[in-house]
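Student: Please work from the sequences and hints to get the whole structure.
These are the residues of each chain, in order.
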Amino acid sequence: MANSTMESGVDPRARIQSQVEQSLRRRHAREKRFRRFGLTAVMLGLAFVAVLFVSIFSRGLPAFWQSTLTLDVRFDPAVLDMGPPPQQKPEESPRDFQQRLNAWNFQLTMASWNTILEDALIAEKPALEEHRRQLRKLFTSGAKYRLRDLVAEDPSLIGRSREVTLLADAEVDVWIRGNIDRSLPDARLQLSPEVRRIADELHEDGLLDVTFSTTLFTNSDSRSSPASAGLAGAFMGSLFMMLVVIVLAVPVGVASAIYLEEFAPKNRLVDLIEVNINNLAAVPSIVFGLLGASIFINWFRLPLSAPLVGGLVLSLMTLPTVIITTRSALKAVPPSIRQAALALGASRVQTVFQQVLPLAIPGILTGAIIGVAQALGETAPLLLIGMNAFVANIPTTPFEQSTALPVQIYLWQGNEMRNFFEARTSAAIIVLLLMMITLNAFAIWLRKKFERRW
Amino acid sequence: MDNMTLIVLLLILMGVAYQLGLTRSRAVASNTTGRMNSRPGYYGWLVALWCGLPALLVFVLWTLLEPAVIRSVVFSQLPPEMSNLSSQQVGNLMQRLGDIASGYGVSGEPAPYEVAAAETLARLRGIGELAKIAVMASLALGGLFIARGRIRPQLRARNHVEKVVNVGLLLCSGVAILTTVGIVFSMFGEAMRFFSFVNPLDFFFGLNWNPRFSSTGHSSYGDFGLLPLLWGTLMISIIALLVAVPVGLMTAIYMSEYAPSWLRSFAKPVIEVLAGIPTIVYGVFALMVVGPFFSSVGDLVGIQIRSTSALTAGFVMGVMIIPFVSSLSDDIISQVPQSLRDGSLGMGATKSETIRQVVLPAALPGIVGAFLLAASRAIGETMIVVLAAGNSPVLHANPFEAVSTVTVTIVNQLTGDTDFASPQSLVAFALGLTLFVITLGLNVVALYIVRKYREQYD
Numbered sequence: 000m001a002n003s004t005m006e007s008g009v010d011p012r013a014r015i016q017s018q019v020e021q022s023l024r025r026r027h028a029r030e031k032r033f034r035r036f037g038l039t040a041v042m043l044g045l046a047f048v049a050v051l052f053v054s055i056f057s058r059g060l061p062a063f064w065q066s067t068l069t070l071d072v073r074f075d076p077a078v079l080d081m082g083p084p085p086q087q088k089p090e091e092s093p094r095d096f097q098q099r100l101n102a103w104n105f106q107l108t109m110a111s112w113n114t115i116l117e118d119a120l121i122a123e124k125p126a127l128e129e130h131r132r133q134l135r136k137l138f139t140s141g142a143k144y145r146l147r148d149l150v151a152e153d154p155s156l157i158g159r160s161r162e163v164t165l166l167a168d169a170e171v172d173v174w175i176r177g178n179i180d181r182s183l184p185d186a187r188l189q190l191s192p193e194v195r196r197i198a199d200e201l202h203e204d205g206l207l208d209v210t211f212s213t214t215l216f217t218n219s220d221s222r223s224s225p226a227s228a229g230l231a232g233a234f235m236g237s238l239f240m241m242l243v244v245i246v247l248a249v250p251v252g253v254a255s256a257i258y259l260e261e262f263a264p265k266n267r268l269v270d271l272i273e274v275n276i277n278n279l280a281a282v283p284s285i286v287f288g289l290l291g292a293s294i295f296i297n298w299f300r301l302p303l304s305a306p307l308v309g310g311l312v313l314s315l316m317t318l319p320t321v322i323i324t325t326r327s328a329l330k331a332v333p334p335s336i337r338q339a340a341l342a343l344g345a346s347r348v349q350t351v352f353q354q355v356l357p358l359a360i361p362g363i364l365t366g367a368i369i370g371v372a373q374a375l376g377e378t379a380p381l382l383l384i385g386m387n388a389f390v391a392n393i394p395t396t397p398f399e400q401s402t403a404l405p406v407q408i409y410l411w412q413g414n415e416m417r418n419f420f421e422a423r424t425s426a427a428i429i430v431l432l433l434m435m436i437t438l439n440a441f442a443i444w445l446r447k448k449f450e451r452r453w
Numbered sequence: 000m001d002n003m004t005l006i007v008l009l010l011i012l013m014g015v016a017y018q019l020g021l022t023r024s025r026a027v028a029s030n031t032t033g034r035m036n037s038r039p040g041y042y043g044w045l046v047a048l049w050c051g052l053p054a055l056l057v058f059v060l061w062t063l064l065e066p067a068v069i070r071s072v073v074f075s076q077l078p079p080e081m082s083n084l085s086s087q088q089v090g091n092l093m094q095r096l097g098d099i100a101s102g103y104g105v106s107g108e109p110a111p112y113e114v115a116a117a118e119t120l121a122r123l124r125g126i127g128e129l130a131k132i133a134v135m136a137s138l139a140l141g142g143l144f145i146a147r148g149r150i151r152p153q154l155r156a157r158n159h160v161e162k163v164v165n166v167g168l169l170l171c172s173g174v175a176i177l178t179t180v181g182i183v184f185s186m187f188g189e190a191m192r193f194f195s196f197v198n199p200l201d202f203f204f205g206l207n208w209n210p211r212f213s214s215t216g217h218s219s220y221g222d223f224g225l226l227p228l229l230w231g232t233l234m235i236s237i238i239a240l241l242v243a244v245p246v247g248l249m250t251a252i253y254m255s256e257y258a259p260s261w262l263r264s265f266a267k268p269v270i271e272v273l274a275g276i277p278t279i280v281y282g283v284f285a286l287m288v289v290g291p292f293f294s295s296v297g298d299l300v301g302i303q304i305r306s307t308s309a310l311t312a313g314f315v316m317g318v319m320i321i322p323f324v325s326s327l328s329d330d331i332i333s334q335v336p337q338s339l340r341d342g343s344l345g346m347g348a349t350k351s352e353t354i355r356q357v358v359l360p361a362a363l364p365g366i367v368g369a370f371l372l373a374a375s376r377a378i379g380e381t382m383i384v385v386l387a388a389g390n391s392p393v394l395h396a397n398p399f400e401a402v403s404t405v406t407v408t409i410v411n412q413l414t415g416d417t418d419f420a421s422p423q424s425l426v427a428f429a430l431g432l433t434l435f436v437i438t439l440g441l442n443v444v445a446l447y448i449v450r451k452y453r454e455q456y457d
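Sequence lines, in order, name chains A and B. Residue 337 in numbering that gives the first Met the number 0 sits at position 338 of the first sequence, with consecutive numbering throughout. Residue 153 in numbering that gives the first Met the number 0 sits at position 154 of the second sequence, with consecutive numbering throughout.
By construction, these hints were calculated from the structure, which means they are not laboratory data. In this text, all values refer to a predicted model and were calculated from it rather than measured experimentally. Quick reminder that beta carbons are idealized off the backbone N, C-alpha and C, glycines included. Any given hint could turn out to be false.
[Stated by the list, open to error] Okay, derived cross-link-like pairs now, DSS-like style, lysine-lysine, Cα gap no bigger than 27 angstroms in a straight line:
| # | chain 1 | residue 1 | chain 2 | residue 2 |
| --- | --- | --- | --- | --- |
| 1 | A | K124 | A | K136 |
| 2 | A | K31 | B | K162 |
| 3 | B | K267 | B | K350 |
| 4 | A | K143 | A | K124 |
| 5 | B | K162 | A | K330 |
| 6 | A | K330 | A | K143 |
| 7 | A | K330 | B | K451 |
| 8 | A | K330 | A | K265 |
| 9 | A | K265 | B | K162 |
| 10 | A | K448 | B | K350 |
[Claimed, not checked] Covered, in the sense of this in silico footprint (three residues per stretch, anywhere, with C-beta under 8 angstroms from a C-beta of chain A), are these stretches of chain B:
| # | segment |
| --- | --- |
| 11 | 182 to 192 |
| 12 | 375 to 387 |
Tutor: Structural data, given as structure tokens:
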């Protein structure tokens, strides 16, 4: 030791100190770097959330506004050449009356609604008379049925006028709002130059305007009239499926959690059930779709595309979630409660149902809501049981054909009219996200409100 | 009377039975000197169960069996040439007969045998309806009065009721087993049917994926090689893990060891939001935002990146599983005993040195388990890949090109197809079985590792 210090000729203490200081500096720099890495990771995570929400909302919000034409429509009796709707005669059978009513409705549908629409526009701007044939392209084809429904509801409208707000065609909407490059050559634009010019003129005059539109919420999907495609059908389908999940998965899941947590003896069968549930929770959702396609559709011959079948598949899928969360809610109830009840002479069933369960209810509800939210957002298994079929009606029972919100998003993102449906897709996502946020917020509120620390 | 009203009536009757049992047990109690075995409510419940359960059982069986019975009776009187219809035609015919029976018009003039069959159908349905109501009513009332008559102080009503509750709970937990059995059997059965068309060796080791359309005839099935799909799945999962593991792990470390509490209470729930977003949303996000972004970045750098590629799908999937990785790692890191950390810090190690050289090695098995769980989730993910991976089942190693995965192919082969006879749709079940086995294997290993690790510090 003494020798070596002599040889180097420097003060050994100072040398060691400088070494230590150097290494300390290095180590502290490394510490700082590590910290910065961590902070970067957190920031990246936050940035992903921000980018996701900002991009979805900025694309989707405009879809809640849509181009509409507000016109004074005259229901010209010369065009709507038909009598009053049939009334049932006393001697007439229901079948005959239905036939007459159908005939009347058919005649109403086949009336020349385009003429009425064109007349209404020309009445506002007489100069458009020379472009009469082009005018119908301004309206979405659903506008005709809108007028028809008005008359069917109130036949006395024939011969009178009424101000009606009608949706413009999707291509016109894209053009007016600049969702397409206006400098593209004619060949690559869907609208003819004439229609584009008329649309711009009408826009300047204020007849064609971009207004807040509720179509998205009130209409069902539509192929022939993209501008009036809405989410109502998919929304009802999702609602029915959530209902099925609530009715099936939640009670069954809670019951099996109670059994496993409170009653189950330690034996092979119970072990098997436990392992099973843990594994089911990790099975990819698409496998449940295959199960539904093979068992429910192919074997039990349940109807394709029905929310009932979708709900069944989603129930099986969410069952493990419900069971696992319910079990942890039951576990959180301290054993002293059970011991006190048992010591007072209550039976096990009484203890569980009268003491433990009421205390665990907030946790169970939270778990149930999380399970339902999970079911609401699931898409893949629904594709396999035919819920991606095009359905133009709003279902009124869980047995009718229907789609679901996430499936509607999938269908719309694949629509050929990219310019129009990109915004619609994002708008549907916004609706879906809002529903999920509401559900989750409710779950958090429940937990905060009823949470008890023991 | 439709089924809904029938059930509601039965429930009302059960309520009445409960009340009857209750008052009866009170009356019995006031007439005897001894104590009743159970509280009055249990006698009420017992009577209600006696009233409701048998009738309910009959109702369920009846509803399940009635259509088949009626169909066989109706078909037995149809002309013999109608006996070998496909199930689709049978359904259509029954629909038509039902329409004739209910008096609404059908297209075309109904044939005489159809009218006769429709009459039988209507008669049978009427009889069945009445018989069902009669049987259920007699069972319900019979059960009610028998149980009510049996009420005496010695009747162990509570034990009986609790027995029923117990059995009910057990049955409910059996549903989980039934589900697994259903998955295994349906997959296995259909996959076996697929393997009767295609050699399993060609499926598991084939290098080409090119199933032709089922309409091209039975002589040519095309190629059903699994490997390109498996490779695509693997590539996307690796990219996803490359994104999720560093970010998720560092997030967990920073959150648990460094972050001030205000940041933790804000950032943790926000990042958890990523876990709750439906996968279809990620898919659309990948398609509309991430894909074009990567593609334009590629243009800047001079690499050709397709906007729907393994990179796009893998990246977005990685973002999706960040919260999964971070919350699992967080769990595991917080389980490392404080004494290890204190020892290391006491020796003069810096915080990061403690984490890297003491905490992480100690937590390693658990973290590996977490990665495996994340990998299994990535492998089974569907919608992101359906939208963003580009669906091109070709073996190549370029992450900037389109690929296809097992899940995508299941969706493509089975969507909208209900005719499970051709290998083109049956292959979905073989793929599903493969997927099921892989994810199950990963999970079992991961859970084993995690559990082993937990025991280590308990």
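Student: Run every hint past the structure and note whether it holds.
Tutor: Verification of the supplied hints:
{"no.": "1", "hint": "K124/A - K136/A", "in the structure": "16 angstroms, holds"}
{"no.": "2", "hint": "K31/A - K162/B", "in the structure": "64 angstroms, violated"}
{"no.": "3", "hint": "K267/B - K350/B", "in the structure": "21 angstroms, holds"}
{"no.": "4", "hint": "K143/A - K124/A", "in the structure": "20 angstroms, holds"}
{"no.": "5", "hint": "K162/B - K330/A", "in the structure": "23 angstroms, holds"}
{"no.": "6", "hint": "K330/A - K143/A", "in the structure": "61 angstroms, violated"}
{"no.": "7", "hint": "K330/A - K451/B", "in the structure": "22 angstroms, holds"}
{"no.": "8", "hint": "K330/A - K265/A", "in the structure": "17 angstroms, holds"}
{"no.": "9", "hint": "K265/A - K162/B", "in the structure": "18 angstroms, holds"}
{"no.": "10", "hint": "K448/A - K350/B", "in the structure": "38 angstroms, violated"}
{"no.": "11", "hint": "182 to 192", "in the structure": "holds (count 5)"}
{"no.": "12", "hint": "375 to 387", "in the structure": "holds (count 9)"}
Consistency with the previously given hints fails for numbers 2, 6, 10, ordered from lowest to highest.
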